[in-house]
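Number of protein chains: 2
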Amino acid sequence: MLPYKSLIQIDRNIPVTIYIQVCNSFISLITNGTLQPSDILPSSRILAELIGINRNTVKLAYEELISQGWAESVERKGVFVLSKLPVISKTKLPETNKNSSKEESFLWTNKFKEARPVRNFQKAGLSIDDGFPDVRLAPVDQLMREYRSLSKKFYGKNFLKYGSSKGSEHLRISISNYLSNTRGLAVSSENILITKGSQMGIYLTAQLLLNPSDVVAVGTSNYSYADDTFKYAGANLVRIPVDANGMDIDYLEEILQKQKIKVVYIIPHHHFPTTVTLSMERRLKLLNLAREFRFAIIEDDYDFDYHYENKPYLPLASIDHNHNVIYIGSISKTFAPALRIGFMTGPSVFIDAVASLRELIDKQGDTLLEDAFSVLFNNGEMERHFRKSLKIYKQRRNLFCDILQSEFRDTIEFEIPEGGLAIWSHFDSKIDLVKMSENALKNGLSIDNGKFYKNESFVTNAMRLGFASLEEKEMVKALGILKKVVQ
Amino acid sequence: MLPYKSLIQIDRNIPVTIYIQVCNSFISLITNGTLQPSDILPSSRILAELIGINRNTVKLAYEELISQGWAESVERKGVFVLSKLPVISKTKLPETNKNSSKEESFLWTNKFKEARPVRNFQKAGLSIDDGFPDVRLAPVDQLMREYRSLSKKFYGKNFLKYGSSKGSEHLRISISNYLSNTRGLAVSSENILITKGSQMGIYLTAQLLLNPSDVVAVGTSNYSYADDTFKYAGANLVRIPVDANGMDIDYLEEILQKQKIKVVYIIPHHHFPTTVTLSMERRLKLLNLAREFRFAIIEDDYDFDYHYENKPYLPLASIDHNHNVIYIGSISKTFAPALRIGFMTGPSVFIDAVASLRELIDKQGDTLLEDAFSVLFNNGEMERHFRKSLKIYKQRRNLFCDILQSEFRDTIEFEIPEGGLAIWSHFDSKIDLVKMSENALKNGLSIDNGKFYKNESFVTNAMRLGFASLEEKEMVKALGILKKVVQ
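Residue numbers (our numbering), protein chains in the order written: chain A, 486 to 972; chain B, 486 to 972.
In case anyone wonders, no lab produced these hints; they're calculated from the structure. One should not assume that every hint holds.
Facing chain B, from chain A, some residues (calculated, C-beta under 10 Å) [unchecked claim]: (1) Trp593; (2) Asn595; (3) Asp626; (4) Ser698; (5) Val700; (6) Asn809; (7) Ile811; (8) Arg894; (9) Val961.
Note that the Cβ used here is the ideal one computed from N, Cα and C, for glycine as well.
Please build the complete structure, drawing on both the sequences and the hints.
See below:
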């Protein structure tokens, strides 16, 4: 007989009933080949004594094994492992199997071997992030109230069944009004798909537009998630310089004379990471080039709502009469990053195709949450929120810049950005940002180390310093710690 | 002077201020080339008269144009279109431009030209779906209470900032306990990724495991979204027959002798659409083959929780000692389809790679909702819900089958399924399911037309009839209408 006393381990501290534990132990012995088809199991009396449990518990375990099709009872003979089970050769599970590198058996190619840099500002406590909104300003409670009240109202209705993969029709209509009012962008709900944030808009568009080896033009510096998303779709990147007026469209034109470009990815308000705004001249020229060379423009305008000086420029999509622009926006970014919601617009045939892909990815969004946001757009809550936070963020930007100017004169150079939630800050070349980040953390401040902004053709000792999520007191404290560690 | 009276249309019924409407009209005229760089704009007095608005409103519009960088004011001369704007050739926007087929200008290949069949049971009112839960049974209100209370508790905390792309750590721990208790599946939170439902698990796994031209084995009949997802990843499908005991694993073995198969996709509890359960023998044999031929198994076990006879069989993943199984489950399916939440488990290196792709798709899930579900798992609410609904669904299954047996003897053949939420129903060959569906709708019943279940190698006059979402009265009424239209 097998050494059941050691093979069958009962743990009274886990929330699994004893008989199920015994049953699972036997299944384990069968499936790893220790017990073979037709082997007899010990009698319930013997096993109960051996492992110190009640005999009825063993009987229950055996019944469970039989009902699950692992064993059979032969009258007056006992319980046997089912004879018609396939024979399994004994395997020894080495202890090193716990080692994650040996964990896999099937063959696959890891497309993500190079891990993205871990970013440090996500930790709890005081942190300088890279441009997050202050979630304390968002009308989260109003949203939750609507969410819950909708769930009650529609309880049991089709509302909670599957919905459209384009997203809630209510929210699409609210967003089409919002885009018309704020951006002069005339789109109807059939041109809109609700996403889980702007990243999903980039992913869906990249998947639909790009085939392997297609070329995408992006800024020399760029949002690295977008770079990775285009690469994941098999595309090759061509990098276009970015200066104080945004992407250099003359340079792009020269490239276009020489090679086919399928897509230009642009962040007009405000370029990530450098926060510059694409000038109106360049916007128009880019649209002309798109018409001439028939490329698509992905306009990632996640930052449109935060502009402190004049009104922001109209999006390319609002000016475009030729349907070359896929326009991507975020609500998460202006509300709370954890509530994933955004939108994209484009020609309706394109949006239909995007919806088909969306169905394969996750069927649809959270209809309840989408409808709750729709209520906040329609009752003016969103507009109040935008207006209120814009005012507060402008004050915070000014204070943050004042402190940088007075306290970091020798260590940080920057331009005051016209909009957005972060300052693109060049640190003195003597400052090692990785060490600075480590030291800051020791002093109670989470701050990133600048790696996220670098790429193969963009190396700089700069990083984005987000000011929007910090109240005055927090800002003074955070910059106080930063000053200490950059000296 | 241009015919501004007809070119500038004011609409007092839309929620856009008049001066912005005027401004946007001018931008439109500039960007479509009607107004060229250095053209003079009419004086505010003249324009105000022409279009019948206040002169100050025109002045405001001109200021807006100037501040947005479209125009410049030259003292004592007037307002001009900015001279340094690029010249745009006049375009005539043909009326047919509204036609969606002419809407696009950039070049792209529509990967989704073949639209999926529109399914009819999504409409409001009485419907026989293809196996949805009854959302009225789900503790949606408890969930919402937790959701809102969490949002208050963590208001302003990092909670609402970005979280892990693997999903809420709380929910991953809750699900690891749940999987251990219900399925004997021993995984820790690092082996779990929270998805937006089982479809996302299939998509992520397909993207990570498959390269173009890899082969995936699926059932002859199969969940067509899974087929489409594998095809989208570039894979070729090999179809394996499915009988009363699930996929024919002997047949699979013969194929494996001849060609390399990268992935086997299996729905063990209960095969979609035919509702059969994969027998234990076949489960073990499949695992042996996976070890021998080193393929991965995608185990889509969305239906595990609904089994009415004995305990369900252990998942392949619980038996597997060789880490060949990616296990996919759904919470949406047992709760409410619109609340998108599910999970997948696998080797931790694999889950890490999946998380990297997830970041590109939508960064992360809805942390609040995930944490609210975690509370329901931990306080026993989910288990109560599972137990309660299992009992009710069993009664509904029995009643539904009784009615089918007595009232549809000549028109529908079926086997009583051991589990799941639908009956796989073979209709008499004389019944045209498309017409039946149309007639049913005219009589107030939404029911699908069977197209969804067909594929290039599976043609049948059968469809799934979902019983779980119908209360007794509704069921009697729905089947009454169905009887009328199949006669």
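Here's how the hints hold up against the structure:
Taken as an interface hint, tryptophan 593/A checks out: its beta carbon lies about 5 Å from the nearest beta carbon of chain B, inside 10 Å. The interface hint given for asparagine 595/A holds, since its Cβ lies 5 Å from the closest Cβ of chain B, which is under the 10 Å cut-off. Interface restraint check: aspartate 626/A against chain B, minimum CB-CB distance 7 Å, threshold 10 Å, status holds. Interface hint at serine 698/A: violated, since its Cβ lies 13 Å from the closest Cβ of chain B, which is beyond the 10 Å cut-off.
With 10 Å as the threshold, the beta carbon of valine 700/A stays out of range of chain B, its nearest partner Cβ sitting at about 13 Å, so the hint is violated. With a least beta-carbon distance of about 5 Å to chain B, the hint placing asparagine 809/A at the interface is held under the 10 Å criterion. With its C-beta approaching chain B no nearer than about 9 Å, isoleucine 811/A sits inside the 10 Å limit, and its interface hint holds. At its closest, the beta carbon of arginine 894/A sits 31 Å from a beta carbon of chain B; the interface hint therefore is violated under the 10 Å criterion.
Because the closest C-beta pair between valine 961/A and chain B is about 18 Å apart, greater than 10 Å, the hint is violated.
Checked against the numbered hints given earlier, the structure breaks hints 4, 5, 8 and 9 and satisfies all the rest.
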